[in-house]
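Colleague: The whole structure should be built from the sequences, with the hints applied where relevant.
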Amino acid sequence: MSRTPFYITAGDAARRGPDDIPREESPTSGLVYSSPATLSYNSPGANGFGVKRAALVMPESVMLMVSPGCCGRNSTVLSRVSGYADRMFYLNMDEADLVTSRHLRKIPEAIREILEVPAQRPKVVLLCVTCVDALLGSDIEGICRRAEQETGVRVLPVTMYALTREGMKPPMALVRDTLYSLLERKKINPHAVNLLGHFAPLRDDSELYPMFRKAGLTRIREISRCRTLEEYQEMGEANFNLVLNPEADYAAGRLLKRLGMPYIDLTRFYRPDRIARQYELFGAAVGIRLDDGEYRAEAEARLLAFRRKYPSLTFSIGSMLNANPFEMAASLQSFGYRVSAVFAAYTAADLPYIREIAAADPDVRFYTGTHPSMMNYRADGAADVTIGRDASWYAPDAVNVPFSSDVQPFGYRGLVAFLEEMDAALEGKTMEGNRTAGPPAGQSAPRGGAS
Amino acid sequence: MKNLMKYLSPFAPDISGAVEVLFGLGGLVVIIDAGGCTGNVCGFDEPRWFQRRSAVFSAGLRDLDAILGRDRLMLDKTEQVLRDMDAKFVAFVGTPVPSVIGTDFRGLAGAAARRFGLPVFSIDTNGMDLCDRGAEKAYLALVRYALSAAGKGGAQKISAPNSGNRGTQKAGASNTDNRVTQKKSRSALLVLGCTPMDLAPGDTEEAVRERLLSSGRWDDVLILGQHFEDLARIPEVTGSLVIAPSGLAAAKELNRKCGIPCQVGYPLPEAMLRNLQDASAAGRTARSAVSGAASAAADGTTRTAAGGAAGAAAGGNSGRTLIIHQAVLASEIRRRLEAPGSNLSGEKPSGDISDGGIQIGTFFAAPKELMREGDVHLKDEETFIRLVTEGHYGCIAADPLLARAIPRAQRETVRFLPLEHFAVSGNTFTEPSALQ
Chain A
0 MSRTPFYITA GDAARRGPDD IPREESPTSG LVYSSPATLS YNSPGANGFG VKRAALVMPE
60 SVMLMVSPGC CGRNSTVLSR VSGYADRMFY LNMDEADLVT SRHLRKIPEA IREILEVPAQ
120 RPKVVLLCVT CVDALLGSDI EGICRRAEQE TGVRVLPVTM YALTREGMKP PMALVRDTLY
180 SLLERKKINP HAVNLLGHFA PLRDDSELYP MFRKAGLTRI REISRCRTLE EYQEMGEANF
240 NLVLNPEADY AAGRLLKRLG MPYIDLTRFY RPDRIARQYE LFGAAVGIRL DDGEYRAEAE
300 ARLLAFRRKY PSLTFSIGSM LNANPFEMAA SLQSFGYRVS AVFAAYTAAD LPYIREIAAA
360 DPDVRFYTGT HPSMMNYRAD GAADVTIGRD ASWYAPDAVN VPFSSDVQPF GYRGLVAFLE
420 EMDAALEGKT MEGNRTAGPP AGQSAPRGGA S
Chain B
0 MKNLMKYLSP FAPDISGAVE VLFGLGGLVV IIDAGGCTGN VCGFDEPRWF QRRSAVFSAG
60 LRDLDAILGR DRLMLDKTEQ VLRDMDAKFV AFVGTPVPSV IGTDFRGLAG AAARRFGLPV
120 FSIDTNGMDL CDRGAEKAYL ALVRYALSAA GKGGAQKISA PNSGNRGTQK AGASNTDNRV
180 TQKKSRSALL VLGCTPMDLA PGDTEEAVRE RLLSSGRWDD VLILGQHFED LARIPEVTGS
240 LVIAPSGLAA AKELNRKCGI PCQVGYPLPE AMLRNLQDAS AAGRTARSAV SGAASAAADG
300 TTRTAAGGAA GAAAGGNSGR TLIIHQAVLA SEIRRRLEAP GSNLSGEKPS GDISDGGIQI
360 GTFFAAPKEL MREGDVHLKD EETFIRLVTE GHYGCIAADP LLARAIPRAQ RETVRFLPLE
420 HFAVSGNTFT EPSALQ
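Residue numbers (numbering that gives the first Met the number 0), protein chains in the order written: chain A, 0 to 450; chain B, 0 to 435.
Take these hints with a grain of salt, some might be off.
To be verified - Derived SDA-like pairs: lysine to any residue, alpha-carbon spacing no greater than 20 angstroms straight-line:
no.: 1; chain 1: A; residue 1: Lys105; chain 2: B; residue 2: Glu381
no.: 2; chain 1: B; residue 1: Lys1; chain 2: A; residue 2: Val116
no.: 3; chain 1: B; residue 1: Lys5; chain 2: A; residue 2: Glu112
no.: 4; chain 1: B; residue 1: Lys5; chain 2: A; residue 2: Ser81
no.: 5; chain 1: B; residue 1: Lys5; chain 2: A; residue 2: Val152
no.: 6; chain 1: B; residue 1: Lys1; chain 2: A; residue 2: Arg111
no.: 7; chain 1: A; residue 1: Lys105; chain 2: B; residue 2: Leu3
no.: 8; chain 1: B; residue 1: Lys1; chain 2: A; residue 2: Thr99
no.: 9; chain 1: B; residue 1: Lys87; chain 2: A; residue 2: Arg2
no.: 10; chain 1: B; residue 1: Lys1; chain 2: A; residue 2: Glu112
no.: 11; chain 1: B; residue 1: Lys378; chain 2: A; residue 2: Arg101
no.: 12; chain 1: B; residue 1: Lys5; chain 2: A; residue 2: Glu59
no.: 13; chain 1: B; residue 1: Lys1; chain 2: A; residue 2: Ser100
no.: 14; chain 1: B; residue 1: Lys1; chain 2: A; residue 2: Leu97
no.: 15; chain 1: B; residue 1: Lys1; chain 2: A; residue 2: Arg101
no.: 16; chain 1: B; residue 1: Lys5; chain 2: A; residue 2: Pro107
no.: 17; chain 1: B; residue 1: Lys1; chain 2: A; residue 2: Glu115
no.: 18; chain 1: B; residue 1: Lys5; chain 2: A; residue 2: Arg111
no.: 19; chain 1: B; residue 1: Lys1; chain 2: A; residue 2: Asp93
no.: 20; chain 1: B; residue 1: Lys1; chain 2: A; residue 2: Arg104
no.: 21; chain 1: A; residue 1: Lys168; chain 2: B; residue 2: Ile66
no.: 22; chain 1: A; residue 1: Lys168; chain 2: B; residue 2: Asp64
no.: 23; chain 1: A; residue 1: Lys105; chain 2: B; residue 2: Lys378
no.: 24; chain 1: A; residue 1: Lys105; chain 2: B; residue 2: Lys1
no.: 25; chain 1: B; residue 1: Lys378; chain 2: B; residue 2: Leu3
no.: 26; chain 1: B; residue 1: Lys5; chain 2: A; residue 2: Val123
no.: 27; chain 1: A; residue 1: Lys168; chain 2: B; residue 2: Arg61
no.: 28; chain 1: B; residue 1: Lys5; chain 2: A; residue 2: Ala118
no.: 29; chain 1: A; residue 1: Lys168; chain 2: B; residue 2: Asp62
no.: 30; chain 1: B; residue 1: Lys5; chain 2: A; residue 2: Leu114
no.: 31; chain 1: B; residue 1: Lys5; chain 2: A; residue 2: Ala84
no.: 32; chain 1: B; residue 1: Lys5; chain 2: A; residue 2: Arg120
no.: 33; chain 1: B; residue 1: Lys1; chain 2: A; residue 2: Glu108
What the hints assert, rightly or not - Computed Cβ-Cβ distance ranges for the label pairs, DEER-style:
no.: 34; chain 1: A; residue 1: Asp19; chain 2: B; residue 2: Leu67; range: 25 to 33 angstroms
no.: 35; chain 1: A; residue 1: Thr346; chain 2: B; residue 2: Met0; range: 40 to 48 angstroms
no.: 36; chain 1: B; residue 1: Leu67; chain 2: A; residue 2: Arg307; range: 58 to 66 angstroms
no.: 37; chain 1: A; residue 1: Asp248; chain 2: B; residue 2: Leu67; range: 25 to 33 angstroms
It is worth saying that the hints were derived from the structure and are not from the lab. Fair warning: this is a prediction, and the values are worked out from it, not measured in the lab. The beta-carbon is built from N, C-alpha and C at its ideal position, and this holds for glycine as well.
Modeller: Pasting the structure below:
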């Protein structure tokens, strides 16, 4: 009888390679354990952007959610916390709807009614449907087209199909596609670039903005900074798209196919040498030179100062943070720190980082938070600092650095932001003699075994 | 438009109600979903989930699981988890997905019970009903199991009538007439409907238990849903008390099969009543200020639906009062407010909250035992808006989220007394920071 939580060491994971990843790393291999640390897996909107909040990034839009009441229940809380309550409307299904699909016929009338509610008439209605319509095989695209004809407002499908989460087109990839689906090709502006991937903008102090401008890319656009549909449409003049989150690759591919808008992926790194190398390669690919010297120097100086101030720390890393947890672990090791555990399932794409982690310390443990055996996890006190909102659940006595803001860090300035957030948290601990940031407020972390 | 929510947002679904009843019993709870329902139940409708460990799992269904109906695979996964824990039972809780694909809940429970050798509860919730319906199904499952385990599935009556409870109302079959006031030796009361979802604002299960014990009428108070071991004692309890409609069906079944007298009522926390009275008084003072009879500011706990003092001043208690919550609690508040001389200050002043008459309304179950003529079962937002528009209410006591749906004209005239209901607002008020 197994009573210990499943984990694999970095050494084992590196040795097994891409063809022998343990089945426990896949959430579908067993029942999915529900703890506050895994809330974001089951309910991505709980601590960031889920499908609904993400779709509402579309300017001048409202959402009509057509579903059983349970699907919209979290919006009761989240829409108020996140401030989009006035843009959410619900058409609740009943059992007769399941049998007859009559709920689909009510949609145009519902849209007409909700258009009258906001002080300013919305220009786009996002029609959000869920697993039920996936199983019923409802023709949502067709329904949107008919609703557009009947109501005179743009209606876009938003499919919150949790059943397809590990499929080729998971909900968070499709919602990005929806967001860019209204773009029309304008005359190409060689100075224009779109940043795709996030639902909130990059930090205002990101070096991307001044570096790009200096290199001639003077029109840098992000959907989350567009206040009107008119501003949004200006993204149609971009020379190319820059994908900052691989979940936007599908949307970028569709823009390439539909509008002939090419795209390039940039990865978020926290090691200065990697950041520098990527900028170099990117510049070569698009035929510009990115002058990153001063930003790199600043980041390395801040890193050096941090290391002098905190020469010896042990970290554990969760999965709810603005970083790839394995890249973060490898980066921290390269800074001279110890990593005791990573609470995230890995895929083949993470293996380059895992090999680095294993080379530095093959005993680093990788836990899968959703694995059923995690109900038996007990904090071991190994970490001084936890990174990621969920990580505090696993190590309640360590200093927690959530590093999971909506506004996105990137590049050298992303590293600086990370160091600043860590320093603030550690200073807080020193001053109070206590942890400054534990689990999300109102949550307490496990100290004993499963009851 | 029926079922359209333009101002409100969905209330707690039946899935959450079922899980709330089962949550603290030490079982393995499997929500048959793709993950989102589990996230909603745990993260937004079950405050205890943040405070203590439990074994709530999502079945993690994917499209092919749903299309092919892979119940055996789900049982395999369940068996795998059972190796990692000492579960007292297994519960399968339905969602819209099994509802669409027609999962055979009874067959699933039978197969699981044979395979695991544990009690198995199969709750056919669908995500479209409200939480009280799910809780009702879970209570019934527990009571039926308890009676079956005790060999009392048939009509067997317990001879001793049980004690009464001031402030409760009779309900159910003829055996509910057996109200006695003297305390029996080792008398035990079974409380049903006592989950965070339907408690009075600020109340807790333990506080309910303490208040009942401190009344001195019972030697023991069992809250159904707190301890699995209590199930074995159910056939021997001397009475049941239903504090939310979700417990009524199970209490009636106990009455029918074991003769256990059933009462309906809520042992109200006195502080909550005081708050309501204070809020009412503050509103009255504000109205007086407008007429020049006095000068005072509106109390912070009382506000118009629009949120300001002006409306309170303009409206006051010119009309009836509408109390919206789960039906037992709303009914109990009305009963206490209407009782002569029962106001907490000892003397009932004119212009009291109850002067214009009190109606109750509920979005949840409305048992006929509790509803009077004029009381309203609110089927959806549209019904609520029409009621408020046409009802000529001077005061509405309800969850603050409902204020959003009060039409503009009424916002200026109706006083709004906050009466939080977790099943409506979730942890919007109790733990807003949990998700920030």
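Colleague: Now look at each hint and say whether the structure bears it out.
Modeller: Going down the list of hints, with the structure as the test:
no. : hint                                   : result
1   : A:Lys105 - B:Glu381                    : holds (15 angstroms)
2   : B:Lys1 - A:Val116                      : holds (16 angstroms)
3   : B:Lys5 - A:Glu112                      : holds (8 angstroms)
4   : B:Lys5 - A:Ser81                       : holds (18 angstroms)
5   : B:Lys5 - A:Val152                      : holds (18 angstroms)
6   : B:Lys1 - A:Arg111                      : holds (14 angstroms)
7   : A:Lys105 - B:Leu3                      : holds (10 angstroms)
8   : B:Lys1 - A:Thr99                       : holds (16 angstroms)
9   : B:Lys87 - A:Arg2                       : holds (17 angstroms)
10  : B:Lys1 - A:Glu112                      : holds (11 angstroms)
11  : B:Lys378 - A:Arg101                    : holds (19 angstroms)
12  : B:Lys5 - A:Glu59                       : holds (17 angstroms)
13  : B:Lys1 - A:Ser100                      : holds (15 angstroms)
14  : B:Lys1 - A:Leu97                       : holds (16 angstroms)
15  : B:Lys1 - A:Arg101                      : holds (13 angstroms)
16  : B:Lys5 - A:Pro107                      : holds (14 angstroms)
17  : B:Lys1 - A:Glu115                      : holds (16 angstroms)
18  : B:Lys5 - A:Arg111                      : holds (11 angstroms)
19  : B:Lys1 - A:Asp93                       : holds (11 angstroms)
20  : B:Lys1 - A:Arg104                      : holds (13 angstroms)
21  : A:Lys168 - B:Ile66                     : holds (18 angstroms)
22  : A:Lys168 - B:Asp64                     : holds (17 angstroms)
23  : A:Lys105 - B:Lys378                    : holds (18 angstroms)
24  : A:Lys105 - B:Lys1                      : holds (10 angstroms)
25  : B:Lys378 - B:Leu3                      : holds (11 angstroms)
26  : B:Lys5 - A:Val123                      : holds (16 angstroms)
27  : A:Lys168 - B:Arg61                     : holds (13 angstroms)
28  : B:Lys5 - A:Ala118                      : holds (13 angstroms)
29  : A:Lys168 - B:Asp62                     : holds (12 angstroms)
30  : B:Lys5 - A:Leu114                      : holds (10 angstroms)
31  : B:Lys5 - A:Ala84                       : holds (10 angstroms)
32  : B:Lys5 - A:Arg120                      : holds (14 angstroms)
33  : B:Lys1 - A:Glu108                      : holds (11 angstroms)
34  : A:Asp19 - B:Leu67: 25 to 33 angstroms  : holds (27 angstroms)
35  : A:Thr346 - B:Met0: 40 to 48 angstroms  : holds (45 angstroms)
36  : B:Leu67 - A:Arg307: 58 to 66 angstroms : holds (59 angstroms)
37  : A:Asp248 - B:Leu67: 25 to 33 angstroms : holds (30 angstroms)
Hint violations for this structure: none, all hints satisfied.
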